[in-house]
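**Student:** These are the residues of each chain, in order.
Number of protein chains: 2
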Amino acid sequence: MLVYIAGSGAMGCTFGYYISKYTDNEVIFLDNWDKNIENLNNNGMKLTGKIEGSMDVRAMKPSEATEKADLIIFLTKSVGLEDMAKGVSHLVDKNTQILCLLNGIGHEDILVKYVDLSQINMGVTVWSAGRDNSGDINVTNIGTIDMQNIGGNEEEGRKIANILNEANLNVTYNEDVMKAIWRKLMVNGTLNSFSTLLECKVGEFFSLDSHAEIVDELISEFIEVAKADGVELDKKEMLDYIYKTSVHTKDHYPSMYQDLIINNRNTEIDFINGAVVEKGKRYNIKTPYNELITKLIHAKEELKGSKLF
Amino acid sequence: MLVYIAGSGAMGCTFGYYISKYTDNEVIFLDNWDKNIENLNNNGMKLTGKIEGSMDVRAMKPSEATEKADLIIFLTKSVGLEDMAKGVSHLVDKNTQILCLLNGIGHEDILVKYVDLSQINMGVTVWSAGRDNSGDINVTNIGTIDMQNIGGNEEEGRKIANILNEANLNVTYNEDVMKAIWRKLMVNGTLNSFSTLLECKVGEFFSLDSHAEIVDELISEFIEVAKADGVELDKKEMLDYIYKTSVHTKDHYPSMYQDLIINNRNTEIDFINGAVVEKGKRYNIKTPYNELITKLIHAKEELKGSKLF
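Line order of the protein sequences matches chains A and B. Counting from 0, one number per residue, gives the positions in the first sequence under numbering that gives the first Met the number 0. Counting from 0, one number per residue, gives the positions in the second sequence under numbering that gives the first Met the number 0.
No wet-lab data here; the hints were simulated from the structure. Be a bit skeptical, because a hint or two may be false.
Identical chains blur together in the list; that is why a pair holds if it fits in one copy or across any two.
[Claimed, not checked] Calculated pairs, SDA-like style, for lysine to any residue (alpha carbon to alpha carbon, straight line, at most 20 Å): (1) K85 with G202; (2) K303 with H89; (3) K76 with I213; (4) K249 with L302; (5) K303 with A211; (6) K285 with I213; (7) K303 with H210; (8) K243 with I36; (9) K303 with S209; (10) K303 with D208; (11) K280 with S219; (12) K20 with S305; (13) K178 with K234; (14) K45 with G229; (15) K303 with L197; (16) K20 with D208; (17) K243 with A211; (18) K285 with S219; (19) K112 with D250; (20) K76 with E155; (21) K234 with I50; (22) K67 with K235.
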């Protein structure tokens, strides 16, 4: 089987490494950055942290790839998804399956412009990895993946789950994956957004007098919009999950903080709180807390003059 | 006539100076800070900036004052008002008038616990002054005062206006002073709060892509609550005023920024956006933008460990 990893950041590299190492499938990394491609082809990749290893890899631009894909795993930044989906569309035929593991919601609305719904698998992962200064991939959490074919093509979806499990990626075929995606969305929409706005650690935000009221209002908006979108979520369960996550990550500056405050890059706020605002508009649901935090994060990007990538 | 200036900060000193200099009335400064009192009694005050002058003054703690007041002008910080009102209550008899010139709304709810409504004059000023490093008062704007007796005692209110005009303080007896107070409240609730949250100049906030939507939502909440509170405001007129003020003050870091970011002191957010939230609750009006900005400013105070005074 030919697997393309679309987006060769730290997470893409990690998953590509596992698939190459533990299965017989061929892996090709796709990227739009010449520097990344050159580096991967010349130096291969090196993993450190929770697992250690290195391997030679093949990387290229989407336009340079010619062989039809059996599976394309999307692990771009949200803002880069549309470009990548367009760029790989010549690699897709009726047998190709897509697996999208980006944070946030609404990505399926982009993918469905390029492939049939029966070819789309949506997923959510708690694996985590970052690139350290030397360019090595630092795997910071051996996680799990929840995924589902959202076009009702369960057979193909389960095949992918099996392959990824063979690769030791700890996959569950989740018949209610949208719930898992929303759950992670809520974590990101509280921990990430507010720690970034206030420039503090997750634990610092969750120790503030006002944090409980803010989280409660936000989550109420998420749940109302999710419900209108066909996803039923239990508020107490969601709050428990968010608080549990905030304890695990209390000493962390979340990824959005790292994007904006450390690396001066635009955030993915439009695919997190901003996506809830947009969905809310479709259903005529007001989401003022999500709306204001989205505007404030954009304000901060603008004041800092942050870059798209 | 005996005039007490309750609160001997930069604004209190400026108004006290004018009344002493240009009228025959006696002025005594009241303060709860020993250091301020000592300094005023030993060194007098010196004004620089838009006007220059110096004079010897009398200052004391409220508890040390004994003579009944003809007029008490309140110019404390909002958080200090209740203490001061309680502290001067032994100086009030039925002939005493009160003039409250603090920023924000809701101060009359505090004052009415200590004096009759017919003795309360509310006002709003665009005079501005600050204390520079040497302790001198830097008068940064020769402004105006709008005031009104809110207990319907117009005769006494106009007497005060006349005295203050004799002192060259440019007073208008405004039969709709609450409108002027709300108008200034809206300026403070947009310019001050958001420049402080985002740590930028007024002009920087007003150049952001998202500023117009944020200001629009905030102002809509202000106007709805003001209306329920008996104050009719025209949205276009209010927006014009805010934008005009933002142009005049574009290079300024507003006073709330100076309080929190420069001096690490708590802000007056509870008397600005927070006061709109509280009034909104009474009338069952939702004010999510004012609510979230209030919580975020408090979050910032907490993260910075700012002090009450």
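**Student:** The structure should be examined with respect to each hint, and the outcome stated for every one.
**Tutor:** Here is what the structure says about each hint:
| no. | hint | in the structure |
| --- | --- | --- |
| 1 | K85 with G202 | neither (40 Å within a copy, 40 Å between copies) |
| 2 | K303 with H89 | neither (38 Å within a copy, 53 Å between copies) |
| 3 | K76 with I213 | neither (27 Å within a copy, 27 Å between copies) |
| 4 | K249 with L302 | between (27 Å within a copy, 15 Å between copies) |
| 5 | K303 with A211 | between (29 Å within a copy, 19 Å between copies) |
| 6 | K285 with I213 | both (16 Å within a copy, 15 Å between copies) |
| 7 | K303 with H210 | between (25 Å within a copy, 15 Å between copies) |
| 8 | K243 with I36 | neither (38 Å within a copy, 52 Å between copies) |
| 9 | K303 with S209 | between (26 Å within a copy, 14 Å between copies) |
| 10 | K303 with D208 | between (28 Å within a copy, 13 Å between copies) |
| 11 | K280 with S219 | both (15 Å within a copy, 19 Å between copies) |
| 12 | K20 with S305 | neither (37 Å within a copy, 54 Å between copies) |
| 13 | K178 with K234 | within (12 Å within a copy, 42 Å between copies) |
| 14 | K45 with G229 | neither (42 Å within a copy, 68 Å between copies) |
| 15 | K303 with L197 | both (14 Å within a copy, 10 Å between copies) |
| 16 | K20 with D208 | neither (48 Å within a copy, 47 Å between copies) |
| 17 | K243 with A211 | within (14 Å within a copy, 37 Å between copies) |
| 18 | K285 with S219 | both (11 Å within a copy, 15 Å between copies) |
| 19 | K112 with D250 | neither (40 Å within a copy, 47 Å between copies) |
| 20 | K76 with E155 | neither (25 Å within a copy, 67 Å between copies) |
| 21 | K234 with I50 | neither (36 Å within a copy, 60 Å between copies) |
| 22 | K67 with K235 | neither (45 Å within a copy, 59 Å between copies) |
The structure fails to meet hints 1, 2, 3, 8, 12, 14, 16, 19, 20, 21 and 22 from the earlier list, while all remaining hints are met.
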